[in-house]
Every structure is written in structure tokens, then in C-alpha cells.
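Chains as they are written, first to last, in our numbering: chain A, 450 to 583; chain B, 822 to 931.
Incorrect hints may have been included.
[What the hints assert, rightly or not] When the alpha-carbon atoms are kept at most 20 Å apart in a straight line, the in silico SDA-like pairs for lysine to any residue are as follows: (1) B:K890 - A:D554; (2) A:K514 - B:Y876; (3) A:K514 - B:Y905; (4) A:K514 - B:Y879; (5) A:K517 - B:K890; (6) A:K517 - B:K894; (7) B:K926 - A:D554; (8) A:K510 - B:T928; (9) B:K900 - A:E552; (10) A:K514 - B:D858; (11) A:K510 - B:E874; (12) B:K898 - A:E552; (13) B:K890 - A:K500; (14) B:K894 - A:D523; (15) A:K517 - A:D566; (16) A:K559 - B:E874; (17) A:K510 - B:E877; (18) B:K916 - B:N827; (19) A:K514 - B:Q880; (20) B:K894 - A:G520; (21) A:K514 - B:A891; (22) A:K500 - B:K900; (23) B:K890 - A:G520; (24) B:K926 - A:E474; (25) A:K510 - B:K894; (26) A:K517 - B:Y876; (27) A:K559 - B:Y879; (28) B:K904 - B:Q880; (29) B:K898 - A:K510.
[Stated by the list, open to error] Where chain A lies over chain B, by a calculated footprint (3+ residues, C-beta under 8 Å): (30) 876 to 882; (31) 906 to 914.
The hints are simulated quantities; they were obtained by calculation from the structure and are not laboratory data.
Cβ atoms here follow ideal geometry from the backbone N, Cα and C, with glycine treated the same way.
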Amino acid sequence: MATKKFMFVNRKAPYGTVYAIESLEVVLISAAFDQDVSLAFIDDGVYQITKGQDTTGIGQKNFSKAYKALGDYDINKLYVEKESLEERGLTLDDLMELTWEDEDDDYAEKPSIHLVDRAAMSGIMADQEVVISF
Amino acid sequence: MALEVNGSTIEQDEEGYLVDLSSWTPDIATALAAEEDVELSEEHWDIINFLREYYEEYQIAPAVRVLTKAVGKRLGKDKGNSKYLYSLFPYGPGKQACKYAGLPKPTGCV
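Build out the structure end to end from the sequences listed, making use of the hints.
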């Protein structure tokens, strides 16, 4: 199967709707097909990868830890829109430290999160073959 | 489906996975394996315990490819290959080992 550039666009807060967890499941499945997968976090989607999520009050599973496994799945292009973070008073420090190990560089841990502005994000999106929005 | 273990009834879904993941005990793993005529060896337990730790940390059951890589890193290269894992879990290391470990079926596993 030919490799295609897939981007999954996440725009919704992690809880309250099923979009975030459904997106994550599709992302994990897509990794099994050896595709070139990247993720975009825009609007309230940036909350999906914030630190210190606690779901005890809403009786739902806290699936935020699963984003830390993305590196193991060779998914290491997580683009976060700078404006979306700023509009919510967030910075990179409010996001989880998501990394991947580069096998070709003595397993060095490298950051998976890339902060990009709106213009750069639209360029990255235009470069994709498949864009799936959640 | 349901399973009797030490006098209590353990609920399973239609494929044999535990309905309540928190109800898992090592005895349940032994019973689930016995249902498929498998006797759990120390090598099986290494993988089962590894999967439980992985789930605790990431809240997902890893895909086979990820499991293989992670086992290689943790338990040594001789164990981090599909030949070894399939020799222990012939029905598929993801599917079968996750079932005994009381995890959900790996995402993307059919």
C-alpha cells in the first residue's frame, strides 16, 4: 500500500463529546497501516493534550495518558496552533511533554509537539493528501 | 459470557474479554488461559505483567508492533520479536495476551 500523508485535525475539548477519544482511536488504528500520520490541535482541541487532566468528577476514563504512547506508534508530528493556545491563556508549559525516540539517533528523546502559527498550519494542511477533521 | 473463579462470577464480553477491567486477578488470568487449554508459564507471565504495566501507564492496550518493540527494549531482543511472542500466544500476542491480562482488545485489532 502506498504511503499517504494523513492529518487528523482536533478542534474539540477532550470531554463532553466523543470527538477527541474517537479521533485518538482512529489515529492509533491508522498507525497500523504504516501511513505518514500527523495531528493538528486547533481551537479547544489544544485542551486534549494539556497536563494534569482529572476526570474523577465526571466519571469518565482519563485517556490523556494515551497521547504519551503516540511516540511508540511512530506518530511524532503533533502540530499545535499558537493562536489557539494564546487565545486560551495557555503556553507550551501547560501541555504534556510528548516525545518520541529516534532510533536513527541512538534513541534520543525528541519532542513531538511543534508549535506553529495559523499561517504555517494552513500550509501544513495544504500539503496533506488526506485531512480528517474531528 | 461469564467465568467462575474462586467462587465469584467474572463477567466477559462476547469475545471473552473482561467487562470490568478492575476485577482482574492473577487467578482470573490462569482461568482465562485454561479455557483455551493454555497453561501459563513464567514467560507468559512476563508478557502479561508487562501489558498490565503498559495499560496502567498509557490507558491503552498496545498494538502488536508496539508491544513487540517495547518487549524487546524491556525484556531483551531475543524476546522482542513476533516469532517468540507468537510461540507463547499463537492466537496473536495482542489479542490473546491482552485477554489474559484483563485488558481490552487492542485498538485496531480485528
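Hints and how they fare:
For the hint pairing K890 (chain B) with D554 (chain A), the CA-to-CA distance comes to about 17 Å; that is within 20 Å, so the pair holds. A threshold of 20 Å between alpha carbons decides the hint, and for K514 (chain A) with Y876 (chain B) the separation of about 10 Å falls inside it, so the pair holds. Only pairs whose Cα atoms come within 20 Å are accepted, and K514 (chain A) paired with Y905 (chain B) is rejected, the gap being roughly 29 Å. Proximity of K514 (chain A) to Y879 (chain B) is assessed by CA-CA distance (about 5 Å); at most 20 Å being required, the pair is judged to hold.
A hinted pair counts as satisfied when its Cα atoms are at most 20 Å apart, and K517 (chain A) with K890 (chain B) qualifies at roughly 16 Å. Pair hint K517 (chain A) plus K894 (chain B) holds up; C-alpha atoms about 17 Å apart against a cutoff of 20 Å. Distance hint between K926 (chain B) and D554 (chain A) is unfulfilled; the C-alpha atoms sit about 33 Å from each other, more than 20 Å. A threshold of 20 Å between alpha carbons decides the hint, and for K510 (chain A) with T928 (chain B) the separation of about 16 Å falls inside it, so the pair holds.
Using a Cα cut-off of 20 Å, the hinted pair K900 (chain B) and E552 (chain A) holds, with the two alpha carbons roughly 19 Å apart. At roughly 35 Å between alpha-carbon atoms, K514 (chain A) and D858 (chain B) are farther apart than 20 Å, so this suggested pair is violated. For the given pair, K510 (chain A) sits about 17 Å from E874 (chain B) by alpha-carbon distance, which is consistent with the 20 Å threshold. Of the pairs offered as hints, the one joining K898 (chain B) and E552 (chain A) holds, with about 15 Å between alpha carbons and a cut-off of 20 Å not exceeded.
For the hint linking K890 (chain B) to K500 (chain A), the alpha-carbon distance of about 27 Å lies beyond 20 Å, and the restraint is violated. As the CA atoms of K894 (chain B) and D523 (chain A) are separated by approximately 16 Å, the hinted pair is consistent with the 20 Å bound. For the hint linking K517 (chain A) to D566 (chain A), the alpha-carbon distance of about 23 Å lies beyond 20 Å, and the restraint is violated. Under the criterion of a C-alpha separation no larger than 20 Å, the hint pairing K559 (chain A) with E874 (chain B) is inconsistent with the structure, at around 23 Å.
Proposed proximity of K510 (chain A) and E877 (chain B) is supported: the alpha carbons are some 12 Å apart, at most 20 Å. This hinted pair does not check out: K916 (chain B) and N827 (chain B) have alpha carbons roughly 25 Å apart, beyond 20 Å. A C-alpha spacing of about 6 Å is found between K514 (chain A) and Q880 (chain B), which places the hinted pair at or below 20 Å, so the restraint holds. At most 20 Å may separate the alpha-carbon atoms for a hinted pair to count; K894 (chain B) and G520 (chain A) meet this at roughly 14 Å.
Note on K514 (chain A) and A891 (chain B): the hinted pairing holds, with a Cα-Cα distance of about 17 Å set against a maximum of 20 Å. Pair hint K500 (chain A) plus K900 (chain B) does not hold up; C-alpha atoms about 34 Å apart against a cutoff of 20 Å. For a cut-off of 20 Å, the pair hint linking K890 (chain B) to G520 (chain A) stands: about 12 Å separates their Cα positions. The hinted pair formed by K926 (chain B) and E474 (chain A) meets the criterion: a straight-line CA distance of about 12 Å does not exceed 20 Å.
For the hint pairing K510 (chain A) with K894 (chain B), the CA-to-CA distance comes to about 28 Å; that exceeds 20 Å, so the pair is violated. With a C-alpha separation of about 12 Å, the suggested pair K517 (chain A) and Y876 (chain B) falls inside the 20 Å cut-off, and the hint holds. With a CA separation close to 19 Å, the supplied pair K559 (chain A) and Y879 (chain B) stays within the 20 Å bound. At most 20 Å may separate the alpha-carbon atoms for a hinted pair to count; K904 (chain B) and Q880 (chain B) exceed this at roughly 26 Å.
Restraint check for K898 (chain B) and K510 (chain A): the C-alpha separation of about 34 Å exceeds 20 Å, so the hint is violated. As drawn, the segment 876 to 882 of chain B meets chain A at 4 residues by the rule of a beta-carbon pair under 8 Å; at three or more, the given contact holds. Given as covered by chain A, the segment 906 to 914 of chain B fails the check, having 0 residues with a CB less than 8 Å from a CB of that chain where 3 are the minimum.
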